[in-house]
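Chain residues, written in single-letter form:
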Amino acid sequence: MRAARRLLRRLVNTAMRRQNDERLREEFEEHLALQTAENLRSGLPPLEARRQAVLKFGAVEGIKEEYRDQQGLLFLETMLQDTRHTLRRLRHAPAFTITTVLTLALGIGATTSIFTLVHAVLLKSLAVANPGELYRLGKEPRCCYENGYSQEKEFSMVSYDLYKYLRDNTTGFSELAAFPAIEPRFGVRRSGSSEAAQSYPGEFVSGNYFSMFGIRAYAGRVFTPDDDRADAPPAAVMSYRLWQQRYGSDPSVIGSVFNLDEKPFTVVGITPPGFFGDTLRSTPPDFFLPLTAEPLIESDADLNKVSLHWLDLIGRIRPGANPASIEAEMRVELKQWLRSHWGEMSADERAKFPEQTLFLSPGGAGIISMRAEYEHWLQILMTVSAFVLLIVCANVANLMLVRGMERRRQTSLSMALGAQAPRLVRQALTESILLSLSGGAAGLAIALAGTRLILHFAFPTVSGMPGIPISASPSMPVLLFAFGVSLLTGMAFGIAPAWMATRVDPIEALRGVSRSTARMGSLPRKTLVVFQAALSVILLSASGLLTTALHRLENQDLGLNQDRRTVVNIEPRLAGYRPEQLTLLYRRIHDSLSSIPGVSAVALCTYSPQNGNQWGGRVWVDGHPAPGPNDDNSAFWDRVTAGYFDAVGNPIVRGRGITEQDTSTSRHVAVINEAFARRFFKQQDPIGEHFGRSGMGASRQYEIVGIAKDIRNLTYNLDKPTDPFYFLPEAQHDVSPDAGFTEISPGSHFLHDVVMVTKPGASLALAQVRQAVASVDPNLPITALHTLREQVAAQFTQQRLIANLTSFFGALALILASIGVYGVMAYNVGSRTSEIGVRMALGANRSDVFALILRGALALISFGLLLGIPLALAAGRFLGSQLYGINQYDPMIIAMAILVLGSSALTAALIPAFRASSISPLQALRAD
Amino acid sequence: MALKTLDVLGPLHGYGIARRIEQISGDLLTVNQGTLYPVLLKLEQEGAIASAWGASENNRRARFYRLTRDGRKQLRAETRDWKQSAAIIGRFFAAKAEDLR
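First to last, the protein sequences are chains P and G. Counting along the first sequence from 1, when you hit position 86 you're at 190 in the working numbering, and nothing is skipped either side. Counting along the second sequence from 1, when you hit position 49 you're at 77 in the working numbering, and nothing is skipped either side.
Since the hints were derived computationally from the structure, they do not count as laboratory data. Note that the Cβ used here is the ideal one computed from N, Cα and C, for glycine as well. Everything hinted at is true.
Have a look at the derived ranges for each label pair, beta carbon to beta carbon:
1) P:Glu133 / G:Ser53: 24 to 34 Å
2) G:Asn60 / P:Pro581: 48 to 58 Å
3) P:Gln156 / G:Arg89: 17 to 27 Å
4) G:Arg97 / P:Ala520: 50 to 60 Å
5) G:Ala83 / P:Leu151: 23 to 33 Å
Taking lysine-lysine and the DSS-like style, the derived pairs with C-alpha atoms no more than 30 Å apart in a straight line are:
6) P:Lys439 / P:Lys456
7) P:Lys168 / G:Lys70
8) P:Lys160 / G:Lys70
9) P:Lys243 / P:Lys409
10) G:Lys101 / G:Lys111
11) P:Lys268 / P:Lys257
Derived list of chain P stretches under chain G, where covered just means 3 residues or more per stretch with a C-beta under 8 Å from a C-beta of chain G:
12) 107-114
13) 137-149
14) 153-163
Bound-form chain G, shown alone (with noise of 0.2 Å):
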């Protein structure tokens, strides 16, 4: 989802992914805002985003974390995965349907 966000929105810290994270689900997802640092953390050591200080929107210093290629490659086989996977189980609940009739 952190690397969605950045393909989509660009560079950004991690406020700002928490927030865009919390706005696309709609405030269903609610975990803490915190435990967002070692995820990314955790992605920088696997080389998938870089990140660099900038100014924030009101003029502080702030983590600015951007995708880098690798990431961009990681994000496409992940949502290629993932739609897979949920087309599989969306098959398997319509199936589930027509037999039910």
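For reference, chain P alone in the conformation it holds in the complex (with noise of 0.2 Å):
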């Protein structure tokens, strides 16, 4: 307590700058007076009075220091004056001080605004309450559907009806809340507007969703458990987002209609700003809707599918609980709810059963999927960036030994004059702190930009979509580790030149050293300059590594022709059509688009190649043996309109493709690649062989017509063999016997995307389509229009962007690199001018001191380029999977980066060398 208030008092001393000195001028003047006063009564003379009276006070200079310590706080103080004294110093050296400044900033920038993506994607919280508490179903995230009563190594999705039965059963969780893991797009419109339907992304949550995360609404209220009832009037909660950005933030939506797929649904309230669900991802949902409400836009609903598992878990435990045993609770129930299902599971499954278990795992952070997704990749970049701040580092570093060199003079004296070397040492670190921390402060700015820059190009956002929530703009965990970085950078890149500004001997130094040849302090420097060369040799090699992996994605053989192609994407969904009018509506759309001069040729699929979505699932082939439970028998498919394989440029091997003769009342076809062939017939002929979809008992469903030559439809995958493909006539609808004579998979016929093919040397103009889309529907949303060739190109989006990234740093260590060695040389040739003046009176011609300057410098960049191409090796391991089939040890852009790196060394320490063999003898002897 006292401490306390004596701190505060010279805290407050310090702050004011209070200087009490004639207080205590007045004082000891006081105390001596009355002291010789004294002594004058005990009898001694006037002068010896005085005298005594001093001798018995004491030295009054320190008496006084001692009394202004103990004022003022000495270590604030002296700080304050470090500071004050560095601000001038550097002043004074303005081009040193900004490059300094600008060369910390870069790297700070880099890595803070790397460090921001990896805190939003890696490290943060959902923004819920006490994400703690939450708990999720399953170890690894998955998706979509699982059917049947067993999975592969952990129960991790659920029926509806399994949903139920843990969440009336678990004791341990206070709310266990679903949702879907797949996001739907539902076509909306405003009740009684006359606008077109617009697609958004909604969610299906149970009803005590927003209880579970503890979210409350901003407008309105959220779903309770009653909104969550099959006979409940529909309800809807839409995103801040939408409602601000869409609506204006008008009050009067809450409680207004909307037609969500043409059904009515209110909304009935508005979530709080920063809610992005339960998934990061980069279309967070607009729309909330019940998950009773499924059926009543699903025309194929999954809700009271019993066995079909598509729902992911997330609960909020109650306080105290042991996670552990919930899991523990849980495991007994899926069994449980198993065994009542024991008649309807098939043998396979049966043999399965004692296996069946499932994890809980810490929720907090949601579904994790963009994780996994990103994980790597963000990796790399985090070290890549690391890698530019250490050579940042290493190139302040020598920038400061140099000017510790060119200080030291000063030094000495100063020492020579009583400054203590704790004292320097602070001074020196003071100064490196305060540029880092200046580097810092313009690194937020670069940093801020940056994220941007790469949120921009990682994510691009379609206009009127939401936008991947992240925010690029700071958050108090980053500018902590933006000022942590700023801190250990230069307390990392001052220490050495602080430490070694005090190892100088005053005589040494004050005797006259620029006569000297030994060149102390060089090692360190030289150090640092094969330390940076090192290290560049690992981004220049990372980043050959990465372009090139890329350039082998981008101009592979897709087998596919992408020339004079657009894809036009469609959503009949969203116009309100129902599955049996769809076939009508495309023969229109092809002929009104077939009618645009220099079109050639049109056709319709679910998926183009290349889209990014596909179709797929298991198939059965006719007179083949029942698979077992470890056979793959899963083939990808599409649904395809007349001509279809013309105007994607998919040549037929054999037989034919799909044409106008396939439709509803003619016998059902399929189309086969060569990968389906391969796999399901082997040696066989596939012509005229029959396969289905829909178990055993359906495989007579489609009768082989033709196979195709294999193309990539996929855009993952692509280092592996072309997966199994089958084509089926949109037109003709699968109807199932045992599932009630009812349609399977009606979803797909749904046609996305419209290939059309010009002509050569037509052009097409974009608002002719529209136009012509219009002229069929002017309601049918046209959701994207772009070439095939764009389409492709724009799956290696985030390749690119780390091919671009990491390239961009590599020239960035090049640069940095290339100047630590200018920096080095020059500032040697600059402290050896003497002897190279002497050498050269002595005999020695241009080339000599030209060449040894040169040898000097080759010496250090090769030590450097030896070192880094082991961990060059390295990194391409670590890079790895991003490679793609491509050597990670490739010895030709390991050879090349050393080769660029090289040669720009080299050119950096011409500049010095030619400025050595250019000394004038005479003028280098009289200097100094």
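Assembly of the complex is requested from the two constituent chains, each provided in isolation within its own frame, with the hints serving as guidance.
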């Protein structure tokens, strides 16, 4: 308490620069006067009386100093002094200051901007109450459907029936909420408005979803379990983003009716800003609907399918509950639920019953599919930017060392005059930390711009759609990170020079250092250059590898013809079409687009090649034994209209493609790709054979009429053999007898892509395309319009971003390393001027001197490059999966990196070498 | 000691305190009188004493120090502490004497 009061007083004194010197002087004076008077009284002569008084008082200056130290805070005062001193010194060296701050800003800015992403994607919790209490089902994120009564490794997705069973029987959760792993799009139109429907992402959630997260409505109300009953009036909750951006925060939105896929829903409330649902993704939901509303919207509803698992679970545990015991409880419940469905289980599933289990994992970050997807590339970028920061540190340390050398005389003089070594070190450190903090401040600005740019390129937003909920503006942890990094950087590059400064022998230095040939302190600087060169080799070879990989990805043979092809994305579902109306609609769209001059072919399909989406499922081949539990009998499929194979340039190698003759009444046919033939028919001729996709009993569903050449439809697995694929005519509807003669997967009839081929030399006006579609139905939304080439290129956005960023960092490293070499060599030449003068006076010619300097540089650089080779190999290993099959130890790329770095560093060394060879011996010897 | 002096004599200037300490100690403690001032400053910063300008015996401006309530409390606490430690040490010496006998 007393100490605190004292500290406060001293702090105030320091802050106010209160100096009571006058008071002290007066007190001393009075003290002496009184003592003198006393001495006089005891009989001493006046002069002696005064002398005795002063003697008795003690050393006045010493006491004054002690008094001053007591008065303020010594530590703080010297720090302020040092800071002022440093600022003054830096003002006198503007070139040095600006270079250093800019270099630091680049390094710290790059690191901070990558950290912003790392923080948002990998570290941050959901914006909900007490995220630490949340637990989700499953260890690995899984998507999107699991069928039956067994799941591989763990039961991580559940059906609505199983969800209700778990929710009602698990006691450890205060709330357990469910929502599907996939994110549907709804065609949205405000009731009574005449505008065309617009597509927004949405999510079905259980009634306790918001209360589980502890989320309150921003306006209106959120769902209660009452909204999630089959007989409840249809309600919806809108996102703050949509409410604000699209409806201008209009309060009348709450309570008004919106048509979602032509079904009326009343908006009851708005979510708070910052809440983006349960999963960080590039399109957070704009509409939340109760789970029980799913059958209202989806004609092929999943809600009441007991064995279709499509829901993710997140629950909030009761305070003090133990997640491990909840997990054990739920495992028992899972077994109980499975046992209650024993009758419906296949023999296979019964055999797998004992190994069925489930896991809980912390759910504070939500469903972390994005984390899994981006973790590796964020790690790469973080490592790369850390390397750049290290190079920056090395460079600045080098500058500081040179500066320290130049100040050697001043330092010597200070020490000779009695300055203490710790104080000198502190001054030097103050300087470096001050520099790094200002570098950090400038770096924050760079980071802000950099993050914006990266977000823009990594997650391009479509206008009107929600963007990824990652804010580029720095949050508290990011600010702390930048501050910490700046401080560490300052210490890292400051400590060596500061320590060097005190190792100066005052006498040696004052005697005239410039005559000496001993190059003191050149070792640390050389080490730094070697270190920089090695790091740069890593960065350059990494960027070389990534760029080569990208180049190979972009230029690989996908097997399809990308020239003169345009893809139009349409959403007939949003315009309220029903599956049975679609064939006619497609006919009209085909005719309308075909009539545009210059268009040679038009075809529609569920998804065109490299669209990014694809339907997939298991198939059963007629006459083949039923596949075992471990047999992979899955294949991808597509619904297409007549002329599709010509339109995408996919050649038919045998039989025929889909034609106008394949109508709803003709026999059901399919075209397969070569991979399908290889996988399922091996030596057998597939033409005329049958297969189905609804189980063993329906294996004569389709007759194979043709085989198409393998092309790359999928955007992934590009380094693996092509997957089996089959194509069905759009006009034919599958009716399965065991599903009660209802259509199976009617959703596949909603074709999303129209592929148009133009005649050579003809150009296609996009306005014409829009007009042609609008002439068929003005309400039919076109969601996107681009060339097939653009669609293919869009798949490599992330790879391109990593490659570009790494190349940028690599170039930065190259420049910094070259500057480093230049700095060291220039300084060497400068300090050896007189030595060179002597050499030349003794008969060395210019080329000797030139070679001398260059040899020094060459030795440094080659040492660094040699050191870099094993590190570059390690970097290739680290990049691993990002390289898509190219050799991660590609010697050509490493050789290129070394060549580029070596030549640019040598170029940097040429300038000082030339300067050295042009030294005039006479001047050099006369100087100083 | 400075506190006790102020407690006994009331408000006093620096010289007075120094003199008093000398007198009490019977000139056994002959430290430099000047060192008193940093101590006074520390006590003042801690709030144990307060100071104000006043007139000295020879009618000059002098800084007078007086004890505050906190200071009195501190003095009592320190007196008690000191007595306690003195008593303990005293007992040690006494015990030693008995053992020797």
